[in-house]
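Please model the complete structure; the sequences and the hints are all you need to start from.
In terms of the working numbering, the first sequence opens at residue 196 and continues consecutively.
The reader is advised that the hints may include incorrect statements.
[What the hints assert, rightly or not] No farther apart than 30 Å at their CA atoms in a straight line, the calculated lysine-lysine pairs in the BS3-like style are these:
(1) 517 x 562
(2) 468 x 498
(3) 488 x 659
Read the hints as simulated data drawn from the structure, not as lab findings.
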Amino acid sequence: MDRYDPKTIEETWQKIWQEQETFKAPSLKTAKDNHQAKMFLAEMFPYPSGAGLHVGHVRNFTIVDVLTRFYMQQEMNVLRPFGYDTFGLPAENYAIKTGISPQSATETNINNFRRQAKRLGLAIDWSREINTSNPEYYRWTQWCFLQLYKKGLAYRKESYQWWCPEDQTVLANEQVENGRCWRCGHEVEKKKMKQWFFKITEYADELLDEVDALDWPEKIKTMQKNWIGRSKGAEIIFEIEDKKDTIKVFTTRPDTIFGVTFLVLAPEHPLIKDLVTEKTREAVERYQKETTKKSEIERQENKEKTGVFTGSYAINPATGEKIPIWVSDYVLMGYGEGAIMAVPAHDDSDYEFAEKFDLPIKTVIEKPEDLDDNGHCYHGEGKLINSGQFDGTDSYDAREQVVAWLEEQGIGKEKITYRMRDWLISRQRYWGCPIPIAYDKDGNEHPIPEDQLPVIIPEVEDYKPDHTGRSALAKAEDWLKVDIEVTDKKTGEKHIETMARETDTLDGYACSSWYLWRYVSPHDDNYAWSPDAIKYWAPTDIYVGGDHAVAHLLYIRFWCKFFADQGLLPFREPVKTLLYNGYINAPDGKKMSKSKGNVIDPLDVIDSGYGADTLRTYEMFIGPYDQDAAWDTKAIGGVYRFLNRCWSLCYNTPVAQEGTSPNSSLRNKATKKVTEDLHRRSFNTAVAALMEYVNELYKSGASHEDITTLAKLLKPFAPHLACEMLE
RNA sequence: GCCCGAGUGGCGGAAUUGGUAUACGCGUUCGACUUAAAAUCGAAUGAGGAAACUCAUAUGGGUUCAAGUCCCAUCUCGGGCACCA
196 MDRYDPKTIE
206 ETWQKIWQEQ
216 ETFKAPSLKT
226 AKDNHQAKMF
236 LAEMFPYPSG
246 AGLHVGHVRN
256 FTIVDVLTRF
266 YMQQEMNVLR
276 PFGYDTFGLP
286 AENYAIKTGI
296 SPQSATETNI
306 NNFRRQAKRL
316 GLAIDWSREI
326 NTSNPEYYRW
336 TQWCFLQLYK
346 KGLAYRKESY
356 QWWCPEDQTV
366 LANEQVENGR
376 CWRCGHEVEK
386 KKMKQWFFKI
396 TEYADELLDE
406 VDALDWPEKI
416 KTMQKNWIGR
426 SKGAEIIFEI
436 EDKKDTIKVF
446 TTRPDTIFGV
456 TFLVLAPEHP
466 LIKDLVTEKT
476 REAVERYQKE
486 TTKKSEIERQ
496 ENKEKTGVFT
506 GSYAINPATG
516 EKIPIWVSDY
526 VLMGYGEGAI
536 MAVPAHDDSD
546 YEFAEKFDLP
556 IKTVIEKPED
566 LDDNGHCYHG
576 EGKLINSGQF
586 DGTDSYDARE
596 QVVAWLEEQG
606 IGKEKITYRM
616 RDWLISRQRY
626 WGCPIPIAYD
636 KDGNEHPIPE
646 DQLPVIIPEV
656 EDYKPDHTGR
666 SALAKAEDWL
676 KVDIEVTDKK
686 TGEKHIETMA
696 RETDTLDGYA
706 CSSWYLWRYV
716 SPHDDNYAWS
726 PDAIKYWAPT
736 DIYVGGDHAV
746 AHLLYIRFWC
756 KFFADQGLLP
766 FREPVKTLLY
776 NGYINAPDGK
786 KMSKSKGNVI
796 DPLDVIDSGY
806 GADTLRTYEM
816 FIGPYDQDAA
826 WDTKAIGGVY
836 RFLNRCWSLC
846 YNTPVAQEGT
856 SPNSSLRNKA
866 TKKVTEDLHR
876 RSFNTAVAAL
886 MEYVNELYKS
896 GASHEDITTL
906 AKLLKPFAPH
916 LACEMLE
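Right, dumping it as structure tokens:
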């Protein structure tokens, strides 16, 4: 052979790797006996869409692959599995349109994905492949649900939830982006429904406190902190004039209590109906109706304050003054108590509201004189004024003192509030993991016993959700009925009762909340993850992805903490190091999309003659892995030329005699540089260093030893060519 | 509005701990090979200048023997949060 022929080389080596199971992780026994360090790497497993792999997958997978091959060269026990996140709307919508079952469409797509992934020459332990819609897998997803249910962390409650009218399902808060559905982009609505939740708020403090210590990008850590949104403040009780009811508010500034000149309730606040008077009832009810009708986008767009007076008054506990109670949509029912004490002198929103409705403004914090602040209200710290016994106190210290004073009177206490809500997991969709619950004739819920798992998704004729807001599962009449043994509470006797299954399925994020642990023992019939294997391999050392900054990456942390508390995981954080890779955009810098017709298909790139090695190396060379990059149709040619030069050096150039200098020092320099760069994940400069090395070898001549070194250093990036050269 | 990042040739980017700015690649130009083209190989390539040299890392200051890197201010772009009390 005198020409670099990627097609032949890549087919040859892919076949060898397949036959020899080159990348199969060592057995537990072997791994422990050889006393090497362990390394568990994974990419965020893909959703196998009908469109096949795109260049973004290639970047994501190649990062993991380069590290996998590198750590194998460093003689570590490496686990690098692969799987598919297969539940989800696209397959179901496709089924509704074409009648092809999601089961069969998913199988087709997986086969396609696997075939394409193999053509990239990925160093995957294929014996560990998992698929979330396989009953062998989702049996254990259901088992996880039951563990959470047993501890009261999976529960059902009725509340207003985000509803996507296009997809006919509810959504988690994390799946609503700017008032729109994350999947289809349709505007979402609020709908009152009884739904299943996971009590993620139980772990809010730990999720927040342990974020800082993680070896994760700061960007992601900040997003998670913002999402959890802990704020420390006080809950204060206001009495209502001439009424027995009281109003609870949450505030982060109890030190401003003397400046409270009115209260504001969210339009959904349950107490409003008791506060309205003959005169105000009509106006208040009209306002409430208008608010409900407004979409979230409208509520966000129109920031002009609106509101209406209830007709009732509360008493400021600090001053004894009578203060009016108003209703306004700038107060949100979902946060704090759904009611606020308004301090217009020191809060922008309250100030705007007071200005608009001509309510009194009372300054209680003195602005430091040297401060040049042209704003209307001062939110900073300072000495208290007009605040009775607290006059002269520094506002920061006054926070605690005021709370203590209110607490003495039994009308206030310290309180911590979170922005994060519990995780809504019900989906009114067919193509998801069935929630293992049944209802008796009185509507009481009963968990499906663990020995009756999995609850298999039934085949149906028609995949459309029914018009009542239930998934197509509701149409599987035989499946709906289930016999469950119940114990009579009074007599203790057991009997079998026929019940109706839950027709909601689990949010797909539930299925991906534990898959990293399944990888350690993917075929275990007795455990979701086997205790020995999890102890050795987990947690995941390096996890690579470019999406799901809050949702998935928060959920896996939550489940990890929960299962650690059950004694089922010997660690409390699932991912040691997170690498968050950037996107690959079209050559014009815009996002690739089918509709724009600017999609680069990686398989086309391989088949055009460049081969997988060029594609992989190019995507590592394109720029720092964590930055977005634009595809450059010309620059990939430079990488192809580079691999050609490596080839020529090996096959078409006379072998130089091995001398001592300068070749050995060049070798050492290149080895040191590439190794260091891989340790600090600077893939682009590692490739640059290899190019430099090759350029130098062209000048000096390459000995046998030089070519061997080059091939070894090249192997993580262009494994097929490197293996061929080493042969 | 608040909180993070980032601004370096024609382009993507490098400079790891304050120590030769522009590695590597693309593009461009010239040369070799060829009847020719492609491919390949070699050379040049921040700006100005014949050269010595001067000026250049968004802008303006500062610290330092030394600043792309540290400090202050400003501008621009990107991201996150956003009526969260």
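Comparing the hints with the structure gives:
Taking the CA atoms of residue 517 and residue 562, the gap is near 26 Å; set against the 30 Å cutoff, the hint holds. This hinted pair checks out: residue 468 and residue 498 have alpha carbons roughly 26 Å apart, not beyond 30 Å. A C-alpha spacing of about 27 Å is found between residue 488 and residue 659, which places the hinted pair at or below 30 Å, so the restraint holds.
Checked against the numbered hints given earlier, this structure breaks none of them.
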